[in-house]
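J.: Sequence:
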Amino acid sequence: MELPACPVETTLMLIGDKWKVLILRDMEAKGLLTRKVYAEVPPRVEYTLTKTGYSLKPILDSMVVWGTHYKEKAAAMEDDDAPDEA
477 MELPACPVET
487 TLMLIGDKWK
497 VLILRDMEAK
507 GLLTRKVYAE
517 VPPRVEYTLT
527 KTGYSLKPIL
537 DSMVVWGTHY
547 KEKAAAMEDD
557 DAPDEA
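Following our numbering, the numbering of the sequence shown begins with 477 at its first residue and continues without gaps.
Check the hints yourself; a few may be wrong.
[Unchecked claim] Under the rule of at most 30 Å between Cα atoms (straight-line distance), these lysine-lysine pairs were calculated in the DSBU-like manner:
| id | residue 1 | residue 2 |
| --- | --- | --- |
| 1 | 512 | 494 |
| 2 | 506 | 494 |
| 3 | 527 | 496 |
| 4 | 547 | 533 |
| 5 | 549 | 533 |
| 6 | 494 | 533 |
| 7 | 512 | 496 |
| 8 | 533 | 496 |
| 9 | 496 | 547 |
| 10 | 506 | 496 |
| 11 | 512 | 533 |
[Said to hold, decoys possible] So the derived label-pair ranges between C-beta atoms look like this:
| id | residue 1 | residue 2 | range |
| --- | --- | --- | --- |
| 12 | 484 | 528 | 16 to 24 Å |
| 13 | 554 | 498 | 32 to 40 Å |
| 14 | 494 | 525 | 19 to 27 Å |
| 15 | 557 | 530 | 36 to 44 Å |
| 16 | 555 | 507 | 43 to 51 Å |
By construction, these hints were calculated from the structure, which means they are not laboratory data.
For each residue, glycine too, the CB sits at the ideal point set by N, CA and C.
Using the sequences plus the hints, can you model the full thing?
T.: Below, the structure written as structure tokens:
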């Protein structure tokens, strides 16, 4: 199985659904999310950020900028380390 290039996406893929639910429930308990359950078959649950959850946006935006810069820098470093083709 080939893993995604994004470490966050890879982590979410590896931790599986059971852990995702536990993490979401913990975030709900800490006031970062609200959870709405729909009386449908199959069951459906919707999570929404609270005001406190939204307050993380500037931090997450900064992480995206850093990650994009780092990814470009890492790619450039790999290109520099690649052997020259004849």
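J.: Would you mind marking each hint as holding or not holding in the structure?
T.: Against the structure, the hints:
1. 512 <-> 494: 18 Å, holds
2. 506 <-> 494: Holds, because 19 Å separates the two Cα atoms, which is no more than 30 Å.
3. 527 <-> 496: 21 Å, holds
4. 547 <-> 533: 21 Å, holds
5. 549 <-> 533: With a Cα-Cα distance of about 24 Å, the restraint between residue 549 and residue 533 holds, given a limit of 30 Å.
6. 494 <-> 533: 26 Å, holds
7. 512 <-> 496: This hinted pair holds, its Cα atoms lying about 16 Å apart.
8. 533 <-> 496: 20 Å, holds
9. 496 <-> 547: Holds, at roughly 26 Å.
10. 506 <-> 496: 15 Å, holds
11. 512 <-> 533: With a Cα-Cα distance of about 22 Å, the restraint between residue 512 and residue 533 holds, given a limit of 30 Å.
12. 484 <-> 528: 16 to 24 Å: 21 Å, holds
13. 554 <-> 498: 32 to 40 Å: 36 Å, holds
14. 494 <-> 525: 19 to 27 Å: 22 Å, holds
15. 557 <-> 530: 36 to 44 Å: The hint (36 to 44 Å, Cβ to Cβ) holds, given that residue 557 and residue 530 are roughly 41 Å apart.
16. 555 <-> 507: 43 to 51 Å: For residue 507 against residue 555, whose Cβ atoms are near 45 Å apart, the range 43 to 51 Å holds.
Against the hints set out earlier in the document, no violation occurs for any number.
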